[in-house]
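These are the residues of each chain, in order.
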Amino acid sequence: MLEVILWFIGIVIIVPVIYLVENLILSAVPGQNRSYPLQPIYRLIKHFSKTDYHNRPLTRWFPVGACLFALVTLYFVSAGENILLVLSGLVMMELFILVGACSTKEAYGIMAAQRGISRLTVWSFALMIAGASLYKAVGTLKLSLVVQYSAGNVLLARLPLVATGLFAVAMIKGNLGYFDFGINANTMSFLDTALYTPYGGRSLGVIQLTQWIETGIWLKLISYFLPWQPWISFLVSAVFYLAAMLLNAVVPKMPWKKVMMNSWIWAGGLPAINYIWLYML
Amino acid sequence: MSWLNGIRAKSISVMLINAGGCTGCARQFQAALLLDSGKGITLTGNPRHADVLFVAGCINNKSADYLKEIYNKMPSPKAVIAAGACACEGSLFRSEENGINPLEKVLPVNTYVRGCIPEMDKMLEAVINVVEDGYKEYKDGWDHDTELER
Chain S
1 MLEVILWFIG IVIIVPVIYL VENLILSAVP GQNRSYPLQP IYRLIKHFSK
51 TDYHNRPLTR WFPVGACLFA LVTLYFVSAG ENILLVLSGL VMMELFILVG
101 ACSTKEAYGI MAAQRGISRL TVWSFALMIA GASLYKAVGT LKLSLVVQYS
151 AGNVLLARLP LVATGLFAVA MIKGNLGYFD FGINANTMSF LDTALYTPYG
201 GRSLGVIQLT QWIETGIWLK LISYFLPWQP WISFLVSAVF YLAAMLLNAV
251 VPKMPWKKVM MNSWIWAGGL PAINYIWLYM L
Chain E
1 MSWLNGIRAK SISVMLINAG GCTGCARQFQ AALLLDSGKG ITLTGNPRHA
51 DVLFVAGCIN NKSADYLKEI YNKMPSPKAV IAAGACACEG SLFRSEENGI
101 NPLEKVLPVN TYVRGCIPEM DKMLEAVINV VEDGYKEYKD GWDHDTELER
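Those protein sequence lines, which keep their order, are chains S and E.
Take the first sequence: its letter number 272 is residue 272 in my numbering, and every next letter is one higher.
Take the second sequence: its letter number 17 is residue 17 in my numbering, and every next letter is one higher.
Please note that a few of the clues may not be correct.
Claimed, not checked - Ranges between beta-carbon positions, derived for each pair:
1. E/S37 x S/A249: 36 to 44 Å
2. S/V4 x E/S37: 44 to 52 Å
3. S/G152 x E/S37: 55 to 63 Å
What the hints assert, rightly or not - Restricting the straight-line Cα-Cα distance to at most 20 Å, the calculated cross-link-like pairs of lysine to any residue (SDA-like) are:
4. E/K39 x S/A113
5. S/K173 x S/A113
6. E/K39 x S/I45
7. E/K39 x S/E22
The set of hints was computed from the structure by calculation and includes no laboratory data.
Where a beta carbon is used, it is the ideal one built from N, C-alpha and C, also for glycine.
If we strip away everything but chain S, and leave its shape as in the complex, we get (with noise of 0.2 Å):
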C-alpha cells in the first residue's frame, strides 16, 4: 500500500515538474516569450482566483467529476489494477469534460466537444487494442502482473508497435504536435464567430489540474512496456514526452481533419499491426 501511494504521490509532483522544466527551456529559446521559472504554477494560482462566469450553473461541476475521475484512474494505474479499469476511469473522465463542453449550450462549447468525441474514438480504440495485444502477450490484464513480466522478458520487443501507439496517445492527449485537436485560435482576427474552448476561470483551473494528473496516468501506462526499473522506466517516459513538449513549440500546427488522420494511423493503425502480427507468430 505505501509503495502505491508513493508513487501516487510522486507522478502528482513528476507531471508539474516536467512542465515548469519545458517553460524553462523554451523561456531562454531566441524568439520565443521571456516566462518566470514557476509560471505553470502562477498561471494556475491565477486561473482559481478568477470567476468561474457560466451561462449554465451546472456546467462549472463537470470539470470537477473529470478531476475526481482522474484521480481515481491514477490510484488504479499506480496500484497496477487491470487495465481494462484504467479504461474505465479515463473513459468516465473525458466523458464528464465533454458533456460539460456541450452543457455550456454555446456553439463553440458544442465544436470542442464533437472534436472531442472524435478524440475519444481514436484513443479508447487504442487503449482496448493495447490491452488485447498485453492478453496475447502475458496472459493477464493486469498490470501489476505486467510488470513482473516485463522485469524478465523485454515486452517491449514483443509489443513495440503499441508502446509507440501508446504515446502516439499520450500526444492526443496533450494537444501536441501533429496531434493537435485543440481549437484555440491564435489569430488575431475576430470577424468570425468565436470558436474557443467552453472552460474558463477556475474551471479552467481545475481541468488544468486533471490533464496535468491525466499525463502522468498515460505516462505510468507507458513506462509499463519498458524493461527497465518502475521508476526508471517512469522517468524514461517523462523524458520522452518532454522532447515531445518541446518539439511542440517548433512544429507546425494542421487542420483538424488532417490530425484526426493522424492519429488513426499512429494510434489507431500502429497498435492494430503489431496485434495482427502477435497473431501470425
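For chain S, the structure is supplied; the task is to place chain E on it using the hints.
Quick look at chain E alone, frame taken from chain S:
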C-alpha cells in the same frame, strides 16, 4: 490582496484585438513581447483564458458588437486597455461619418496607451500595471461583472 495581484502579474494572458486601421499598434505589441520587460505576458486567442483585452485600431459599430461579445466571455477580474490614437480617440478617422467610436464608448477602459504608434515599453508597462493594481477601473459607474448588451 497584493500577493495575489503579484502572482497574477507574473502570468498575464492578453487577448490582442486589432479592430481596424494600420495594424501598427498590434504588431508593435507582438514585437514587444519578445523583450525582457514583457516577461510573463502571453498572447491568447481565447477570451475564456484572457485577463486583459488589449484593443488597438479604430472601432466602428460592427466591430463594437464583436468586442462586447469577446468582453462578455472573459472571466472576471478582467481589464481593458485602449492602445494607440485610434482606439483612444478615433485619431484621423474621428470626423468620418461611419460610426467610428473611441473604445471608452464601447467598453469600460482601465488604461489608455496614447501615441501613434505607442512605445513598446509603455504598452508592456500598461499591461503589467493594470494587473498589479488589482484591475482598478478607470471610470466610475462601470462594472466589469455586468454583461454588456450587443
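Query raised in the report: Going straight from one Cα to the other, do S/K173 and S/A113 come out at no more than 20 Å?
Result: holds, 14 Å
Query raised in the report: Can the restraint linking E/K39 and S/E22 be considered satisfied, given a maximum Cα separation of 20 Å?
Result: Holds: E/K39 and S/E22 sit about 16 Å apart, inside 20 Å.
**Report entry** Range agreement (Cβ of S/A249 with Cβ of E/S37, hint 36 to 44 Å)
**Finding:** At 22 Å between Cβs, range violated.
**Report entry** Beta-carbon spacing of S/V4 to E/S37 - inside the hinted bounds 44 to 52 Å or not
**Finding:** holds, 47 Å
Query raised in the report: Taking 55 to 63 Å as the hint, is the beta-carbon distance of S/G152 and E/S37 inside that range?
Result: 57 Å Cβ-Cβ, so the 55 to 63 Å window holds.
Query raised in the report: Does E/K39 pair with S/A113 here, judged by a C-alpha cut-off of 20 Å?
Result: violated, 34 Å
Report task. With a cut-off of 20 Å on the C-alpha distance, tell me whether E/K39 and S/I45 pass. Result -> It holds: about 17 Å lies between the C-alpha atoms, which stays within 20 Å.
The earlier numbered hints that this structure contradicts are 1 and 4.
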